[in-house]
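Read off the chains here:
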Amino acid sequence: MTSSNNQVPHLSFFKRLGLSYKLRPYLVGSSEVLAEFKALKSSKYFFDLIDNDELYYDVSNADLMVILGSVTLKSLNVILRAYEQLPQPKLVIWFESAELHLLNQHSMVVDLEKHMKINLKVNTSVDSPEDIMDAFIKLREQL
Amino acid sequence: MSSNISNVLKKYANDSEYVKEGNTHVISCQLNKFDFFINLIKKELDFILLIDICVVDNLKRNNKNNSNKRFEVIYQFLNMELFERLRLKLSISEEEYIPSVKKYWLNAQWCEREAKEMFGIAFEDSSYQNLLLVKDDISFPLRKDRNYQTATFSQIDKLRKDRSSENTLLSKYQLARNSHHVTGLSEIEIQERNEQVLKVQTEIGLYHRGLEKNMESISYTQSINLVDRLNYYSAPINSSGWCKAVEDLLNIEIPERAKGIRMIFCELSRISDHLNCLGTMASTVADTNYYFFSIELREMILELVEKALGSRLGFGFARIGGVATDLPSGWISSCMDLLKTLKQAMDSYSKILVKNEIWMRENQIGGISAYDAINWGYTGPCLRAAGVNYDMRKNIPYYFYDQVDFDVIVGTTGNCYDRFLVRIEEIKQSIKIVSQVLDNLPPGECRVVDLNNDLKSKNPNAVAEFCQLLNQGMKPVSNEVYSSIESPNGELGFFIVADGGKHPYRVKIKAPSFCTMQSFPKLVRYNNVDQIKPILSSLNIVMNEIDR
Chain A
1212 MTSSNNQVPH LSFFKRLGLS YKLRPYLVGS SEVLAEFKAL KSSKYFFDLI DNDELYYDVS
1272 NADLMVILGS VTLKSLNVIL RAYEQLPQPK LVIWFESAEL HLLNQHSMVV DLEKHMKINL
1332 KVNTSVDSPE DIMDAFIKLR EQL
Chain B
33 MSSNISNVLK KYANDSEYVK EGNTHVISCQ LNKFDFFINL IKKELDFILL IDICVVDNLK
93 RNNKNNSNKR FEVIYQFLNM ELFERLRLKL SISEEEYIPS VKKYWLNAQW CEREAKEMFG
153 IAFEDSSYQN LLLVKDDISF PLRKDRNYQT ATFSQIDKLR KDRSSENTLL SKYQLARNSH
213 HVTGLSEIEI QERNEQVLKV QTEIGLYHRG LEKNMESISY TQSINLVDRL NYYSAPINSS
273 GWCKAVEDLL NIEIPERAKG IRMIFCELSR ISDHLNCLGT MASTVADTNY YFFSIELREM
333 ILELVEKALG SRLGFGFARI GGVATDLPSG WISSCMDLLK TLKQAMDSYS KILVKNEIWM
393 RENQIGGISA YDAINWGYTG PCLRAAGVNY DMRKNIPYYF YDQVDFDVIV GTTGNCYDRF
453 LVRIEEIKQS IKIVSQVLDN LPPGECRVVD LNNDLKSKNP NAVAEFCQLL NQGMKPVSNE
513 VYSSIESPNG ELGFFIVADG GKHPYRVKIK APSFCTMQSF PKLVRYNNVD QIKPILSSLN
573 IVMNEIDR
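As you go down the protein sequences, you meet chains A and B in turn. Terminal number for the first sequence in our numbering: 1354, no gaps in between. Terminal number for the second sequence in our numbering: 580, no gaps in between.
The shape of chain A in the complex, shown without the other chains (with noise of 0.2 Å):
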């Protein structure tokens, strides 16, 4: 599948974004947030804006896709992939990574604006699954 073919944006998406529709992110690349998002399927948290009965879902079954860490050089190609696959309308939360902000970046995308359009970027540390809660809450609100 390719993005040709999703051109046109569903119609139901905004209406999906109600309360009772629940949200598939498709997870890309590594870091702490990885293991914060599993957190969120856990009793304590159980956030209901994310689809819950699955861990990880296929790009071309996914609502958004969410960039996990520091983007390479080499997992670039991979990310751009994917966001063609990315049914419309393609939405994107990349979450930055500390390291992006080092001195020697040989192989780090710091720009990745240029190659798709990323719909929030949160460049704080995430050390909780609430920054991830409220940057789905962030997103929904631009919406």
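Rather than coming from a laboratory, the hints here were simulated on the basis of the structure. C-beta: ideal position from N, C-alpha, C; glycine also. Hints may contain errors.
In silico lysine to aspartate or glutamate, EDC-like type, Cα no more than 20 Å apart, as pairs [unchecked claim]:
no. : chain 1 : residue 1 : chain 2 : residue 2
1   : B       : Lys339    : A       : Glu1341
2   : A       : Lys1332   : A       : Glu1352
3   : B       : Lys167    : B       : Glu221
4   : B       : Lys372    : B       : Glu335
5   : B       : Lys101    : B       : Glu512
6   : B       : Lys375    : B       : Asp437
7   : A       : Lys1255   : B       : Glu328
8   : A       : Lys1255   : B       : Glu335
9   : A       : Lys1255   : B       : Glu338
10  : B       : Lys134    : B       : Glu76
11  : A       : Lys1255   : B       : Asp369
12  : B       : Lys42     : B       : Asp67
13  : B       : Lys339    : A       : Asp1338
14  : B       : Lys460    : B       : Asp471
15  : B       : Lys534    : B       : Asp280
16  : B       : Lys339    : A       : Asp1342
17  : B       : Lys565    : A       : Asp1269
18  : B       : Lys565    : B       : Glu394
Which bits of chain A does chain B cover? Going by a derived footprint, with three or more residues having C-beta under 8 Å, they are [to be verified]:
no. : region
19  : 1246-1254
20  : 1271-1285
Guided by the hints, dock chain B onto chain A, whose structure is given.
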């Protein structure tokens, strides 16, 4: 026997070439003697485990060795009977070729590939491709004369052009995404016939951030936050390992209480990591409900860690010379309560799965013999599942592990079921360790110098020293140290070369998952395609520590 090793090495090496530092034998050699020493080390002295291969670029080093050659290739070995280490240092220039040692140790292949792409070291096997960097990148980023601010735009543009010209099937990328069998991003290409796996190719380095390069330009204390992110499921173990290495470099003995607190949090994070692995394994073979059960248990541990450290995953827990904070009042009793709950939970976990015939049958895959596991450089639960009784906490003890009563769990066949059993029993042993340490936690300070107390008393010297330390950082004398710690996946090691400056001159991280990922194609060959996921999840591969 230990003196035998020294005698044999003294016989073949001069006084200037052989030194013994603690339980580590250090040999320096030139290329003409390299083959001889490698044969001696493997065949006569029984150093059967290759821990790591590290390269040091001496271009800007203050204390260069006797040899004027630019590079030093350092091989780390372990003798599994005497638990003694050996460090072979080979000095070479840019033009010289090194004979490959992969015929003796299978895990040398990826280590050599990494050395080649990062430093441009020429090995005799010319077929080596890039491992962590992008294809055809010959910039050798870890050399001392390379300094990058950002990845260049030309590199990114080239990548995009390559991508648009590719006619790759999307199915290749189906595994190039996060799946809960691997923590992180990896690319696995499978060739199969009639659902039987014929060939597997793994692509790593998708999360290569250049941590080692960056650690050369920040202080020892700042590096704690970077190493925490190696395996974020057990962050206290990573930071404890790094601080232990720096303390060895500085010759600091930390207070008894700090050792106890480090042991408690290391074991709690080991339980947390094992629970994550068990849940993942159970969800691949049985049902995701088991995964949620593991998450619930893990959440209880994280809540307790947050009470003590302020961060759920335990980031920034260890400090050089101790730990960040002492235990708050009432924490010990709530930890005791948690241990009781965990013990009951693990019993019920065992009842559900350990003797479940379907579970047993489904997991009799991905076996590896003890000989092969050592040859591939395995450490940790995967090695113990193959029947090798090696646990750093028991064999090369650190902190109070020699005073604590616990068993090393050993499997027989090294398959997925054995790896599962080893992890589930290790959780029980960790509970045992934590409860013993809590009972006998020594009183006193939790840091070497409690600067807060000195500052409170307004001692002007202490304030001046503190400000000097903040501004200039620590400056260890020029030395090199390899220090390791038993992480949930195996031996996590840090090799630090200091040259008297406030930043480390070179840091090499020995990640345990690096070896297990390397052997993965061999483990799954001739298995069914469906069996890839259970095998992968039982290895508990963490890409962050592999890619670094």
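Evaluation of the provided hints:
Our distance criterion of 20 Å between C-alpha atoms is met by Lys339 of chain B and Glu1341 of chain A, whose separation comes to about 16 Å. For the given pair, Lys1332 of chain A sits about 14 Å from Glu1352 of chain A by alpha-carbon distance, which is consistent with the 20 Å threshold. This hinted pair checks out: Lys167 of chain B and Glu221 of chain B have alpha carbons roughly 16 Å apart, not beyond 20 Å. With a C-alpha separation of about 16 Å, the suggested pair Lys372 of chain B and Glu335 of chain B falls inside the 20 Å cut-off, and the hint holds.
Proximity of Lys101 of chain B to Glu512 of chain B is assessed by CA-CA distance (about 18 Å); at most 20 Å being required, the pair is judged to hold. Note on Lys375 of chain B and Asp437 of chain B: the hinted pairing holds, with a Cα-Cα distance of about 17 Å set against a maximum of 20 Å. For the hint linking Lys1255 of chain A to Glu328 of chain B, the alpha-carbon distance of about 8 Å falls within 20 Å, and the restraint holds. Among the hinted pairs, Lys1255 of chain A with Glu335 of chain B is consistent with the structure: their alpha-carbon atoms are about 10 Å apart, no more than 20 Å.
Our distance criterion of 20 Å between C-alpha atoms is met by Lys1255 of chain A and Glu338 of chain B, whose separation comes to about 14 Å. For the suggested pair Lys134 of chain B and Glu76 of chain B, the alpha carbons sit about 18 Å apart, so the restraint of at most 20 Å is met. About 18 Å separates the Cα atoms of Lys1255 of chain A and Asp369 of chain B, which keeps this hinted pair within 20 Å; it holds. Simply put, Lys42 of chain B and Asp67 of chain B have alpha-carbon atoms about 17 Å apart, close enough for the 20 Å limit, and the pair holds.
Between Lys339 of chain B and Asp1338 of chain A the CA atoms are separated by roughly 14 Å; this keeps the pair inside 20 Å, and the hint holds. Restraint check for Lys460 of chain B and Asp471 of chain B: satisfied, since their Cα atoms lie roughly 17 Å apart, inside the 20 Å limit. Note on Lys534 of chain B and Asp280 of chain B: the hinted pairing holds, with a Cα-Cα distance of about 16 Å set against a maximum of 20 Å. In summary, the hint linking Lys339 of chain B to Asp1342 of chain A is supported, as the alpha carbons are separated by about 18 Å, within the 20 Å threshold.
Distance check on the hinted pair: Lys565 of chain B and Asp1269 of chain A sit about 16 Å apart at the alpha-carbon level, within 20 Å; holds. Among the hinted pairs, Lys565 of chain B with Glu394 of chain B is consistent with the structure: their alpha-carbon atoms are about 12 Å apart, no more than 20 Å. Counting residues of the region 1246-1254 of chain A whose beta carbon lies closer than 8 Å to any beta carbon of chain B gives 7, which meets the minimum of three for the stated coverage. For the region 1271-1285 of chain A, the stated coverage by chain B is satisfied: 6 residues place a CB nearer than 8 Å to a CB of that chain, which reaches the threshold of 3.
The structure meets every hint from the earlier list without exception.
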